[in-house]
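Here the protein sequences line up with chains W and X, keeping their order.
Its first residue numbered 1, the first sequence is counted upward by one per residue in our numbering.
Its first residue numbered 1, the second sequence is counted upward by one per residue in our numbering.
There may be inaccurate statements among the hints.
Claimed, not checked - Here's a subset of chain X near chain W, in silico, CB distances under 7 Å, partners left out:
no.	residue
1	Gln23
2	His24
3	Glu27
4	Val29
5	Ala49
6	Phe50
7	Ala54
8	Glu58
9	Gly60
10	Gln82
These aren't lab readings, by the way, just hints derived from the structure by calculation.
All C-beta atoms, glycine included, are put in the ideal place defined by N, C-alpha and C.
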Amino acid sequence: MKNTERKDLFPGALEMMVLQTLSGQPLHGYALVQHIQRNSNDLLQVEEGSLYPALQRMLKSGLVKADWGVSSTGRRVRIYEISEAGAKHLAQEVRSFERMLEGIRLVLSPVKP
Amino acid sequence: MNWIQQLFSRRQLDRDLAEEIRQHMEEKVEELMAGGLPRKDAELAARRAFGNPASLEEQGRDVWRWAAVEDFLTDVRFALRQLRKSPSFTLACILTLALGIGANTVVFSVVNAVVLRPLPFAQPERLAVVGAIDARRPEEISDFSYPNFFDLRKDNTVFEHLVSFRSTDATLTGSSRPVHVRAQIVSWDLFPLLGIQPALGRGFVRQEEESGQRAVVLSHEVWRDEFGGDPGIVGRSVTVDSQPHTVVGIAPRDFAFPPGDRTVGVWLTLGRDADSSTITPITKQRGARLLSALARLKPGVSMRQARAQLDVVAASLARAYPDSNKNMAKTQVLPAASALAGEAKGPLFLLLGAVGLVLLIACANIANLLLSRTAERSREFALRAAIGAGQGRIVRQLITESLTLSVIGCGLGIAAAMWTAQFLLPLVGDAVPRIQETSIDGRVLGFSVALAILTTVLFGLAPAIRVAKSDFQAGLREGGRSVTDNSDGLRGALCVGQIALGLVLLSAASLLIASFVQLLRRDLGLQPERVLSFSVDLPGKAYPKPRQLSFHSELLDRLASLPGVEAAALAMPLPLTGSQMHIAFNIQERPARPSERPSSDMALVTPGYFKTIGAPLLQGRGFTERDDDSAPPVLVVNRAFADRFFPGEDAVGKWIQPGASTGPGDPKMRQIIGIVGNARQSMLKAAADPIYYFPYKQLPWCCASVVVRSAAAPGLLEPEIRRTVSALDKQLPVFDVVTLDTILTKGFAQARVPVYLLGGFAGIALLLTVVGLYGVLAYSVVRRTREFGVRIALGASRHEVLGLVLRRATRLVLTGIVLGLAGALAVGRLISQLLIGVSSTSPLLLTAACVVLALTAASAAYFPARRAASIDPVRALRAE
């Protein structure tokens, strides 16, 4: 793909956002994409191509649970829900992300005389 | 979700993912269409956003893959394909392995059942066999007497329970017919000691050890067979040996005590022994040693600590009662399971060692085969290396191939083991305790699997090393055909190792076989053919001494008058059974203090005994009917007795005073009136033991067996015998009807089975070794075809080429034999205790083993050598 725009910011970012979103409410894949896109004011676009492998990974390591259900539009969809382990993982990720952000900000801040 | 579930539910997961992606795309398309796009464009856009759905699904699948396992499975599939391509190689490897692992599994399963498997009681690791050590015979465990047992039980602080037991025979009446049962007389706390609850009722209580108490626990079988499994029997009275006994409990189904002995039908308390009908009951005789003992150690007490404390008690008893205990100042405390295996342990571990060696030799063979194959496949490896496989990957593939071979071989081996055990076990009979409980349990399976892994390492290592060291590019450049094979040294070393191990096995087997032949060739001192023996137990209460004597005279008279009966007599104990009664005596000419007196085995017999069993009278006279209580006390001794205690003298006419007593006035001074040949009491011992024979009428103890010599096949007499006994007394069961030949066969079976097995293992080892040597030489001839062709073309004679190959073979065999001799001597020393009449360093046998090995090796070397010599130089060179 020639798209130069980086959508996945750093390893684990997509996971974190998915978990954060799911901690609000259980959603299916398409709704997840929409939700993230909307909430980031279209700054972030989740590539479907990386969403599903990510979801499978999280499913495998037990961060999320999935069950077949019916969406509001009457479609048969797989609805993801955050698990207890997922919530714990999210909190941890957020903490370390914030530390990283803090570090980046310190480095990027104007050099003091 | 664990990975096992994942492996199985993967297909479902894949389907779910595909479905999910499809729904997602449709949803997206619908939304785009709702935004005004035509369907076609919407679908295209959706697909663009997604990328390739197939690769997406692939990625999703990858997430679920258990990479290591699946790579491994791929390797296994590849290995199976490779193996299918060369079926003869594969078959050879798998059969060799199945043989090696199967044989190991069989032997180990027996060792497991007999020695390793814990006893089926609570916390079996705290159970110990406790015995006395007689300073005069320190190599074996001796029995306790009741007073000594009581003192040990009272004065020790290391045991939770200490239980005595001794076996006896009993007649059980109370149901329809009188039956003979094996009985164990035990001290009261047997069931608490074992941690076993009776299936019904209770175990014994302490008061039931007292004089006058009669309690009995029935085995599940006796309860079922004789009392129809009636639960109401508990609390009721049954008759054991003509005396009423209260049934206090029914043992659980499959309960066996002594461990492994399922023949015991009733357990009685030692209340019986407290009332034994001698002047002094045996519970008060400190010299009457007839008790085995089992103990439960207190938690945290080690066997060694327990023994140390018992030794203190035993030493103080030795000081307090020097007459009976002077030589009994030491004790032994051994883990129960292992101690019960007793003498069977030595041969078992020997077999396990032998069969392990066979497996090693087999592994060497397979390693050699694999090495040759690896050399042949060097082109394949070079190709794989060229297209990017690392050496590690190729080595892994090779090890997977080895493992695949091992697993198949192991599976077949275990199946073969199960099958073999089925027909092997009946051959051994019940000579070895617990052997009939042999089965393939978890531990045995674990052992076999461990063997499979070990063998993989053993034979997989050589080709792996070879591949890891080799230069693949060279292989590819040269076309792979004449690639230098630098594994000749490795092959030769494997071959030398095989020859050495083969020699070790061969010499050990030859020692045991020679020892067994000695055993068979020994003079038994009697003629067992056509002799039948049986027992009739006379209950003491219904048959006081005088009535016993008259019953037996009447029985022997009637038997003797049966048609086809040549002679009949009583004997206690029976010859050849290994059953021994050891009693000290005092020689009139050389009196000694009680603790210093010599001792010998004894036997009680009636006048016709020596004639019946066919033991020759060498000197003096045998017993007659007149040697009864009113006549002077006499003895007959055997040759071994006369030689041991009266060397260089005439034993006939000498007076000795044996410590045996049955009534007032005993023990009497007795005169030796005759010497008989050494009729064997134990057929497995190296030398005949001294025995003195008492005339039965002068010392009528219980439990004598009847021996009958028949003119025809002795088995035909059995119905007549049963009729004769029942005509005398309908209440008396006849039991243990057996010919002396059967006793002999059974006794030898115990010695024969290990000898046959070891011989078989040695044969297999020899075969494998020879096949290995042949393989190495044949391969090297094939590989050196061109070289030999050149040599011949340049004028080397056929003999010189023949010599080249034979010299290499000789070098290998000689090195192997030298190493093997050292091993054979070491192993000989290890097994010297199992040998009878053969020296463990017998030069004759060692030489024979070397010659057999060298000759078979020569025949293995001959064919490759001849092939080398007959190479046609023209064809050999043109073939390049």
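Against the structure, the hints:
1. Look at Gln23 (chain X): its Cβ gets to within about 6 Å of chain W, closer than 7 Å, so that hint holds up.
2. About 5 Å separates the beta-carbon of His24 (chain X) from the nearest beta-carbon of chain W, less than 7 Å, and the hint is met.
3. With its C-beta approaching chain W no nearer than about 5 Å, Glu27 (chain X) sits inside the 7 Å limit, and its interface hint holds.
4. Annotation: interface hint on Val29 (chain X) violated; nearest CB of chain W at approximately 11 Å, more than 7 Å.
5. With its C-beta approaching chain W no nearer than about 6 Å, Ala49 (chain X) sits inside the 7 Å limit, and its interface hint holds.
6. Taking 7 Å as the C-beta contact cut-off toward chain W, the hint placing Phe50 (chain X) at the interface holds, the least distance being around 5 Å.
7. At a threshold of 7 Å, the smallest CB-CB gap from Ala54 (chain X) to chain W is about 12 Å, leaving the interface hint violated.
8. For Glu58 (chain X), the shortest C-beta to C-beta distance to chain W is roughly 9 Å, which exceeds 7 Å, and the interface hint is violated.
9. For Gly60 (chain X), the suggested interface contact is upheld, since its CB lies about 5 Å from the closest CB of chain W, less than 7 Å.
10. Annotation: Gln82 (chain X) was flagged as interfacial toward chain W, and the flag is violated, the nearest CB pair being 33 Å apart, outside 7 Å.
In this structure, the hints that do not hold are numbers 4, 7, 8 and 10, in rising order.
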